[in-house]
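Got chain L; can you put chain H on it based on the hints?
Those protein sequence lines, which keep their order, are chains L and H.
At position 242 of the first sequence the residue is numbered 249 (my numbering), and the sequence of numbers has no breaks.
At position 103 of the second sequence the residue is numbered 110 (my numbering), and the sequence of numbers has no breaks.
Note that these hints are calculated values from the structure, not bench results.
For every residue, glycine included, the Cβ atom is placed at its ideal position computed from N, Cα and C.
Check before you lean on any hint, since a few could be wrong.
[Stated by the list, open to error] One side of the interface only, derived from the structure: several residues of chain L facing chain H at Cβ under 10 Å: (1) Gly191; (2) Gly305; (3) Asn602.
[Unchecked claim] DSSO-like cross-link-like pairs, simulated, lysine-lysine; straight-line CA separation at most 27 Å: (4) H/Lys387 with L/Lys159; (5) H/Lys256 with L/Lys159; (6) H/Lys585 with L/Lys587; (7) H/Lys587 with L/Lys159; (8) H/Lys159 with L/Lys159; (9) H/Lys180 with L/Lys256; (10) L/Lys585 with H/Lys159; (11) H/Lys256 with L/Lys180.
[Claimed, not checked] Per label pair, the in silico range of CB-to-CB distance: (12) H/Leu562 with L/Leu135: 34 to 42 Å; (13) H/Thr131 with L/Thr468: 54 to 62 Å; (14) H/Pro155 with L/Phe120: 55 to 63 Å; (15) H/Ser134 with L/Glu366: 33 to 41 Å; (16) H/Arg261 with L/Leu14: 53 to 61 Å.
Protein chains: 2
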Amino acid sequence: MPTVTFLPTFRKVEVNPGATILDAAQKAGINMNVVCGGQGKCGKCIVYVKSGRPLFDRDQFIRFFSPEELDQGACLACQTTIIDNVSVFIPENSLIQEQQILIETVEQESGFFPAVWKYFLELTPPSLDDPSPDLSRLLWGINRQGGPDDRKIYVPLEVIRSIPGVLRESGWKITATVALVPGGYRLIDVERGDTTKALYGVAIDLGTTTIVAYVRSLVDGKVLGIASNYNRQISCGEDILSRVNYARKGGLSRLQELAAESINIAITQAANNAGIDREHIYEVVVAGNTIMTHILMGIDPAYMIEEPYVPVVRRYLTSAAIRAGLVVKENAGLFVFPAVSDFIGGDIVADVLASGMAEHDEVSLLIDIGTNFEVVLGTKEWMFSCAGAAGPALEGGEVLFGMRANPGAIEKVSLDLHTLEPTYQTINRVKPRGICGSGLIDLLADLLQACIIDRTGRINTSIVHPRIRLGPHFPEFVVAWKDETDIGKDIVITENDVKNLIMSKASILGACITLMNQAGISRHDIARVYFAGAFGNYLSKENAIIIGLLPEVPLDRISNIGNGAIMGANIALLNRRKRKVLDEIARTIAYVELNAEPSFMDEYTRACFLPHTDLALFPMVEKLLDECRIRRG
Amino acid sequence: MPTVTFLPTFRKVEVNPGATILDAAQKAGINMNVVCGGQGKCGKCIVYVKSGRPLFDRDQFIRFFSPEELDQGACLACQTTIIDNVSVFIPENSLIQEQQILIETVEQESGFFPAVWKYFLELTPPSLDDPSPDLSRLLWGINRQGGPDDRKIYVPLEVIRSIPGVLRESGWKITATVALVPGGYRLIDVERGDTTKALYGVAIDLGTTTIVAYVRSLVDGKVLGIASNYNRQISCGEDILSRVNYARKGGLSRLQELAAESINIAITQAANNAGIDREHIYEVVVAGNTIMTHILMGIDPAYMIEEPYVPVVRRYLTSAAIRAGLVVKENAGLFVFPAVSDFIGGDIVADVLASGMAEHDEVSLLIDIGTNFEVVLGTKEWMFSCAGAAGPALEGGEVLFGMRANPGAIEKVSLDLHTLEPTYQTINRVKPRGICGSGLIDLLADLLQACIIDRTGRINTSIVHPRIRLGPHFPEFVVAWKDETDIGKDIVITENDVKNLIMSKASILGACITLMNQAGISRHDIARVYFAGAFGNYLSKENAIIIGLLPEVPLDRISNIGNGAIMGANIALLNRRKRKVLDEIARTIAYVELNAEPSFMDEYTRACFLPHTDLALFPMVEKLLDECRIRRG
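So that you can see chain L by itself, here it is in the shape it has in the complex (with noise of 0.2 Å):
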């Protein structure tokens, strides 16, 4: 078998001819980004073949690298077929790491209180003195250690069929397993011999697209291993909508193998990756959206897409994990975590949790932005929520050169007041081939301020400079031109994009305001702003506010909490307190359904301009627009 070492770790791997690189990589336990789930789109998984020679096709490369990056051996691990030796270097952006450290320091502050423990036993064998059963002997002996009461602790069949074996060819030194779970303790394992240091949980981000599983220990909170891997029922339709429609056709158990064979995949990763035994993982903890969950725990998400959208369960689900198709310790728990309704899952209360809003009696806003946006607005008191289709632009769709953020994506832009130049920067710094969500958010907000754009997005064509001229269709800015860029054409951004993108954030300022009024709070009250998924990360905050993409508020209000489902999926699993806690957040939400208000509609025509009609509402916006236009006369 071919053999692929992986720089500048050296860790080699061996795979079957035909393997792709992602795949050796997640066989040697290294965790690459994967977006589109190893589709070839999202341009992630970039690696340098650096010895060796495996198939690849170029064309299919041209869009995400330079001829110099491609001479220099890149191409993506996902799209790329191992025939025989090869050393390939992976760059530390294609790595999962980032997150990590985020993770790391939420929960420092959130506490250790693990659902799961061992208690290493070495009990004194029955004797005609003392010929108490083998349970009530293992049971005290728990006890005698400071562990629960043997009468609060349930003993599933299994484990008892286990005792009197374990407890006789162990020479009663034992480990025994126990569980908190709702209502009381479960005695979950009894092991031969010291196993207390093997006591392993995991999280899971159960998203539509990709997977994220983190293994940690239970003793002591480490992160032992990560894996990303894309979701399987990718195979069953690309959005999640075409994946209900195929569990309406009969297609739900084979959806839901695929959700627990994506997990398995994910879980048996990361385990490799931090050299365990999945046998030794008595938890997993799984956040996700509504649809997602319900279809891993087999049920019918049908419901959720037609009149009136409701979903069969919100609340929290535990079940033994093997109920759910995962291959883990066989009386491993699993816990789901609640959601609130169809639109606003478990994925959202995992923000929430992660954000820490749910604990703060000043008034915070979470905005999650993905294909969907989610907004919650509250306190620990109270909360309110609501989701909507952002449409495409902020994705970089519907926007001529608009791009997701891939290689060759201009994302950040600026543009000097005076002279009109832009200066940009893009994603792996190669040619620019198309502008993403963060650039279009920069771009809009230097248009708007050097007033080549006005509050309503018309581009002012009076003015005279070679950027600004009419196109075939629209009037438009050149960013980069044609000689710049990858792609052998001037690079703009028309009226109509611009258009496009303010109907975009209208939809998110809009719904952030009606929360807001049924609250009764304005934009003073609020003390922060958290932004959750990916989008956040590359997000200029002054500019999200000079846009009005959310109301104005301090800037220093604003922090990015990334990946909030599987930070928030990585709590729960570490504090078995903050589990009622999110059932608490759970029930604190209410869903406002955005359709069903009639001034939602009001106040996205109102977020129709920059940043919105009411400039009262944007105080230094005014200011500074007031400057701007002072200082162009």
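The following block gives chain H in isolation, referenced to the frame of chain L:
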């Protein structure tokens, strides 16, 4: 297929040729006595063939029936094969029913607090104004009907999965079944429409030889069907020790399956008898000895028969019934009685519950006599117990003309103290074939009062009477002359028989006194004596005291509870509050190992007199014996 018609009810059933009449009766839901498990040994399942010609071996029946009876069509249902249509009459004695009256009386005092409830809910369908999840809607409906708070109800995954379909197919009119389980409540079933009346439970006495099942309504507690059935484990060993040895040789899972199968057959019969669907049985409560319950639950019983004789588990067990292989409602619960030790099992705990002795401040004494005996002494504050082998004499073994309580056994005898002529009564009023336990106790008491035997059990051969003579080995007393009997021989009781009987009863009395000494109480402190087991049903209380089978107490303090195991199981099925009591009972009862108790041997030796060496302990008997002595001069 041949039809069998049962008289006097004219119930008809079709069976395959080759089935026995017992099979047909079971199929028809008629509960016949089958103490021996259908082996043709106990002679309890008597029927009279009224038309048709079934196959049987007349010679085999000679020991059970007189020629006249055989001419009237008498046969044993278990040994009679159907080849064509027959009609048979079932005498009342062949049916299980006596116990039922006793059970229902005890239960009326115990109260009706079942652990499973049904709620018929007419739910409002979801709408855009009220898009609550299916599960919340359902649980709130339960709460509105006075059921538990929704947060306290755990819902197993398979029930959640069923909910969306059932709700919509039924037009939102459903019946929800909620069970109380350790740590909270559990939603165990959701059905279409109103099925609130179809709510049943089963109480099981899991005996080494016989299984008894009671199907009850859990709406009103009524007994709906009863069945008894032999324990199929008999094929792996007649006595319990040989079954444990079978388990040790890898046969545990086979024994487990047979236990489950035997219970399933009994449940099916009882359910058929009741005319209900097993699918509506939501709870099973089982009382049995420690080895039987270990085997049913698939727990290795091996360590109970080797030093230091420890059971694996003593506490009560709860589980899904399906985990033990019981075929009832999918999510039905199984409750197995707790034990005290290897020898004091759930059957004895059930005796204690049924007797009510754990609720009294005064001291009670409970004696369960079978092949082995168990004694429990105590109050609601404290209890001591012990167990031992009484030897076979009381069951007719080691006694020349001893026999089990089968037809033809002399079950009652009394001697005219002047003429020394006996009058006796046999089971089924047929010619005598031997003497069973209750008859032997009568004999001993009257032989003593007639001064035919002295207090050591020696026969006074100096009395000149045709019935008192020297036999081939020992002096003997003729109970029935050859021509009166069915066996063509004089039926006698020998001095050796008397000695064996004295040793048997001495074990029981010695055990009682040992426990009394442990507790520091005298016979005056004993406010109640309970006999459990079939033996007590036929016993003369007075004669039992005269021979010193138990300590002397006023006769009105002695009562008989019959099959305490099935009675206790019924009580626990109907009254969940008694289950906690059971656990307390099992924990309260201290087990005294007689073999490890030096004083037991002394007490046994002192009890090897009629009634005891120390007549001061038996003042009523002393007075009686004085009168007899005076009467005879």
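Going through the hints against the structure:
1. Annotation: interface hint on L/Gly191 holds; nearest CB of chain H at approximately 4 Å, less than 10 Å.
2. A least Cβ separation of about 5 Å between L/Gly305 and chain H falls short of the 10 Å threshold, and the interface hint therefore holds.
3. Annotation: interface hint on L/Asn602 holds; nearest CB of chain H at approximately 9 Å, less than 10 Å.
4. The hinted pair formed by H/Lys387 and L/Lys159 meets the criterion: a straight-line CA distance of about 23 Å does not exceed 27 Å.
5. Between H/Lys256 and L/Lys159 the alpha-carbon distance is near 35 Å, which puts this suggested pair outside the 27 Å criterion.
6. The hinted pair formed by H/Lys585 and L/Lys587 fails the criterion: a straight-line CA distance of about 32 Å is larger than 27 Å.
7. Taking the CA atoms of H/Lys587 and L/Lys159, the gap is about 13 Å. The hint holds against a cut of 27 Å.
8. Under the criterion of a C-alpha separation no larger than 27 Å, the hint pairing H/Lys159 with L/Lys159 is consistent with the structure, at around 17 Å.
9. In summary, the hint linking H/Lys180 to L/Lys256 is supported, as the alpha carbons are separated by about 26 Å, within the 27 Å threshold.
10. Restraint check: the Cα-Cα separation between L/Lys585 and H/Lys159 comes to about 18 Å, which is no more than 27 Å; the hinted pair holds.
11. Restraint check for H/Lys256 and L/Lys180: satisfied, since their Cα atoms lie roughly 26 Å apart, inside the 27 Å limit.
12. Distance hint for H/Leu562 and L/Leu135: a CB-CB separation of about 39 Å, consistent with the stated range 34 to 42 Å.
13. A C-beta distance of roughly 59 Å is found between H/Thr131 and L/Thr468, which places it inside the suggested range of 54 to 62 Å.
14. For the pair H/Pro155 and L/Phe120, the beta carbons lie near 27 Å from each other, so the given range of 55 to 63 Å is not met.
15. Checked against the hint of 33 to 41 Å, the C-beta distance between H/Ser134 and L/Glu366 comes to roughly 35 Å, which is consistent with it.
16. In this structure the hint that H/Arg261 and L/Leu14 lie 53 to 61 Å apart at CB holds, the actual value being about 59 Å.
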